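With the sequences and hints as input, model every part of the structure.
From first to last, the protein sequence lines stand for chains A and B. According to our numbering, the first sequence holds residues 1 to 365 in order. According to our numbering, the second sequence holds residues 1 to 365 in order.
Calculated from the structure, these hints are not laboratory results. A quick note: this is a predicted structure, and the numbers were derived from the prediction, not measured. Where hints are given, some of them may not hold.
The list treats identical chains as one, so a pair stands whether inside a single copy or across any two.
As the list claims (entries may be wrong) - Lysine-lysine pairs mimicking BS3-like chemistry, simulated, CA-CA at most 27 Å apart: (1) Lys-249 with Lys-10; (2) Lys-242 with Lys-10; (3) Lys-280 with Lys-43; (4) Lys-365 with Lys-242; (5) Lys-298 with Lys-320; (6) Lys-294 with Lys-328; (7) Lys-365 with Lys-298; (8) Lys-10 with Lys-320; (9) Lys-10 with Lys-328; (10) Lys-10 with Lys-365; (11) Lys-24 with Lys-328; (12) Lys-294 with Lys-249; (13) Lys-43 with Lys-343; (14) Lys-294 with Lys-313.
Number of protein chains: 2
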Amino acid sequence: MSYERSNIRKLAAYVPGEQPKVSKLIKLNTNENPYPPVPAVMKAIADVQGDHLRRYPSPTAQGFREAAARVHHVEPEQVIATNGSDELLRLVMTVYCEPSGMRTNQPGGIGVTNPTYSLYSVLADIQDTPEIVVDLDDDYGMPSDLSDRWNAAGCKLGFIVNPHAPSGRFYELHEIRKVAEKFDGVLIVDEAYVDFAEHDALELVRQQPDGLGLENVLVTRTLSKGYSLAGLRFGYGIGSHKIIAALDKARDSYNTDILSQAAATTAIEARDAVAESWEKVILERDRMRDELEKRGYKVFPSAANFLLTVPPKGRVGAAKIYQSLADKGIYVRYFTHDNMCDKLRITVGTPEQNDALYNALDQIK
Amino acid sequence: MSYERSNIRKLAAYVPGEQPKVSKLIKLNTNENPYPPVPAVMKAIADVQGDHLRRYPSPTAQGFREAAARVHHVEPEQVIATNGSDELLRLVMTVYCEPSGMRTNQPGGIGVTNPTYSLYSVLADIQDTPEIVVDLDDDYGMPSDLSDRWNAAGCKLGFIVNPHAPSGRFYELHEIRKVAEKFDGVLIVDEAYVDFAEHDALELVRQQPDGLGLENVLVTRTLSKGYSLAGLRFGYGIGSHKIIAALDKARDSYNTDILSQAAATTAIEARDAVAESWEKVILERDRMRDELEKRGYKVFPSAANFLLTVPPKGRVGAAKIYQSLADKGIYVRYFTHDNMCDKLRITVGTPEQNDALYNALDQIK
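Dropping the structure here:
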């Protein structure tokens with residue numbers, strides 16, 4: 001006998017990138033920053049005393065909210081802290097999407113693009129809410145009728161990843177603003193990789209001199225990538241007071257712990273020091289593009305810390321290259337979705353890791 | 001304009017116990033262990049390196065699962081680790097309860113007792129699932145038809161807290177077994193306070209020599225109380241393989257962080273050392289009972305680290321005592337639910353904290 005809801009019984013769970021245990025491996029598959037967290041973060045963790053651990057933490061991570069508000073020039077009430085951005089992405093579905101069954105003719109669901117971050121679809125299945133998929137252009141640009149199509153299906157949430165995953169493409173602010181202004185629901189701008197790009201979309205949610213920011217935009221962030229803190233599980237959202245207040249009611253009561261609150265607050269305050277690693281990654285991203293193109297690979301434009309690439313035609317295919325690299329202890333990401341076939345997504349590593357990748361590619365015949 | 005679902009819009013959020021910031025206060029209101037975590041836990045946190053934080057943690061907290069399985073004599077596949085037991089309690093609703101609206105004539109909801117831990121009701125509202133409430137006896141015993149009444153309403157989940165909150169009453173194993181065997185859904189046995197009691201309900205879920213444990217029981221635990229780690233946000237569940245596999249599919253992909261995994265694994269392995277603090281709390285609980293009874297208070301039997309008590313009749317009422325104590329910097333818990341009126345719940349503190357409480361009570365006229 002099964003006790004669970006039928007949508008859960010049928011659920012195909014999200015498959016995270018592999019986390020091989022052998023420590024000599026070169027992991028270019030899950031988009032971590034290759035440099036360690038800044039020393040101030042380690043000190044903040046070490047400074048947490050037993051008596052702090054004994055007591056409940058701030059339910060809202062108030063210290064972090066205030067620090068993030070200062071760094072991003074918004075108000076603390078526009079910030080929500082979560083257990084990774086995973087929690088935040090799940091929470092928006094809980095708060096905005098109707099669990100009406102996954103029939104796409106029902107309103108209340110989510111609008112996504114194809115391709116996009118694969119977790120959204122899994123979370124929609126868990127919420128048992130419909131998912132409307134709109135194909136991107138061949139170069140991963142957004143079609144001009146994206147909002148219209150989401151609106152026509154009654155979507156309550158729309159998801160844009162910027163820089164886009166898994167392509168790395170960067171959407172300009174005016175493109176996102178247009179989607180948000182035309183969309184009837186709440187637009188999630190997932191900026192997991194924005195630390196490696198030149199701009200962000202916070203202008204859309206900031207209080208402007210002439211009034212409020214857009215009421216229906218939530219920008220989501222994570223410390224997993226840019227801040228080298230994937231192990232910490234800390235994400236946050238920045239949006240209108242109204243969105244944050246609604247999310248705040250439905251999150252777990254004490255959703256972030258005292259160690260991660262201390263580390264995250266210090267990390268975001270040390271943003272300028274952390275940014276030195278972003279500069280190094282960006283330099284290596286440019287070099288990786290050159291090295292791959294030199295070898296005949298097509299490389300899509302990327303403002304993130306990874307490159308999406310297509311091996312030279314008529315030679316060894318992406319699946320085989322993925323496996324050959326893995327055999328040599330170098331992990332990259334290979335997707336099996338229809339429209340991602342024969343492509344590899346490679347995280348930008350340290351110069352040494354990247355050199356090892358180029359050498360390994362040269363050995364694959 | 002509001003974007004959120006109507007059940008969320010109407011939601012009255014869970015109100016956690018007060019966490020006053022003044023450090024000289026004596027906090028006897030949220031049931032933390034008054035003693036700090038054991039030194040081994042602090043060392044485990046200090047041993048986490050930057051390179052660990054940089055990478056994603058084990059998605060399942062595998063090291064913890066294995067340690068908990070050894071300590072509790074179950075299999076690792078019978079354990080799920082969560083971001084506090086809060087996450088686990090929310091997750092069971094997601095997995096088992098139908099979001100059919102909160103109309104109590106619809107099946108698929110939760111069965112609770114009255115009184116019980118107030119979070120269950122909030123989580124049911126978030127899931128938009130019906131809640132069936134069955135009154136406990138005057139001495140907080142379970143009525144013999146508890147399962148029948150939950151079954152009649154089509155409940156998918158039933159919740160028992162043992163030791164019971166907010167009374168502290170301990171239910172014997174045979175009582176819980178009877179509820180589980182008669183109940184058609186999954187029975188959650190919330191053992192948040194079990195470290196201060198003499199027995200637990202794990203026998204119900206353990207593989208027996210003659211076969212499996214009960215398939216429909218999930219025991220939930222937290223490190224917040226007994227292990228002095230409320231700040232860490234770490235909970236776990238122990239149940240049948242089937243229940244754990246279903247929950248595992250629907251949890252956030254990386255729901256516990258590497259620092260809390262390290263600390264929690266060490267804490268549970270150091271159970272014998274931690275238990276010394278439980279012994280001290282139990283001694284003080286007995287002394288607190290004597291001191292309160294000496295002052296004319298009625299004190300309910302308790303196997304937890306708190307006492308539920310009724311002030312002497314015809315004198316100052318609970319609300320006034322609560323406020324007078326707060327004015328003196330001593331926080332206890334005062335409930336305003338109907339059937340909890342004129343009662344105080346007092347966490348057992350250190351001998352010094354408890355002495356301060358008795359002195360303060362003597363000054364209230």
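Going through the hints against the structure:
For the homomeric pair Lys-249 and Lys-10, the shortest alpha-carbon distance between copies (10 Å) is at most 27 Å, but the shortest distance inside one copy (29 Å) is not. Taking the shortest alpha-carbon separations for Lys-242 and Lys-10, only the inter-copy value of 14 Å comes in at or below 27 Å, while the best intra-copy value is 34 Å. Taking the closest pair of Cα atoms, Lys-280 and Lys-43 come within 27 Å of each other only inside a single copy of the chain (23 Å); across copies the shortest separation is 33 Å, beyond that limit. In this assembly of identical chains, Lys-365 and Lys-242 lie within 27 Å of each other by CA distance neither inside one copy nor across copies; the values are 57 Å within and 46 Å between.
In this homomeric assembly, Lys-298 and Lys-320 come within 27 Å of each other (Cα to Cα) only inside a single copy, at 17 Å, whereas the closest approach across copies is 75 Å. Taking the closest pair of Cα atoms, Lys-294 and Lys-328 come within 27 Å of each other only inside a single copy of the chain (22 Å); across copies the shortest separation is 75 Å, beyond that limit. Within a single copy, Lys-365 and Lys-298 get their C-alpha atoms as close as 18 Å, which meets the 27 Å cut-off; across copies the closest is 83 Å, which misses it. Taking the closest pair of Cα atoms, Lys-10 and Lys-320 never come within 27 Å of each other, the shortest separation being 31 Å inside a single copy and 54 Å across copies.
When the C-alpha separation of Lys-10 and Lys-328 is checked against a cutoff of 27 Å, the pair qualifies neither within a copy, at 36 Å, nor between copies, at 56 Å. Proximity of Lys-10 to Lys-365 under the C-alpha cut-off of 27 Å is found in neither arrangement, the shortest distances being 41 Å within a copy and 63 Å between copies. Taking the shortest Cα distances, Lys-24 and Lys-328 sit within 27 Å of each other inside one copy (11 Å), while across copies they are farther apart (59 Å). Proximity of Lys-294 to Lys-249 under the C-alpha cut-off of 27 Å is found in neither arrangement, the shortest distances being 53 Å within a copy and 43 Å between copies.
Within a single copy, Lys-43 and Lys-343 get their C-alpha atoms no closer than 41 Å, and across copies no closer than 44 Å, so neither meets the 27 Å cut-off. For the identical chains of this complex, Lys-294 and Lys-313 are intra-copy neighbours only, at 14 Å inside a copy versus 88 Å across copies, given an alpha-carbon limit of 27 Å.
In terms of the numbered hints stated before, the structure departs from hints 4, 8, 9, 10, 12, 13, listed from lowest to highest.
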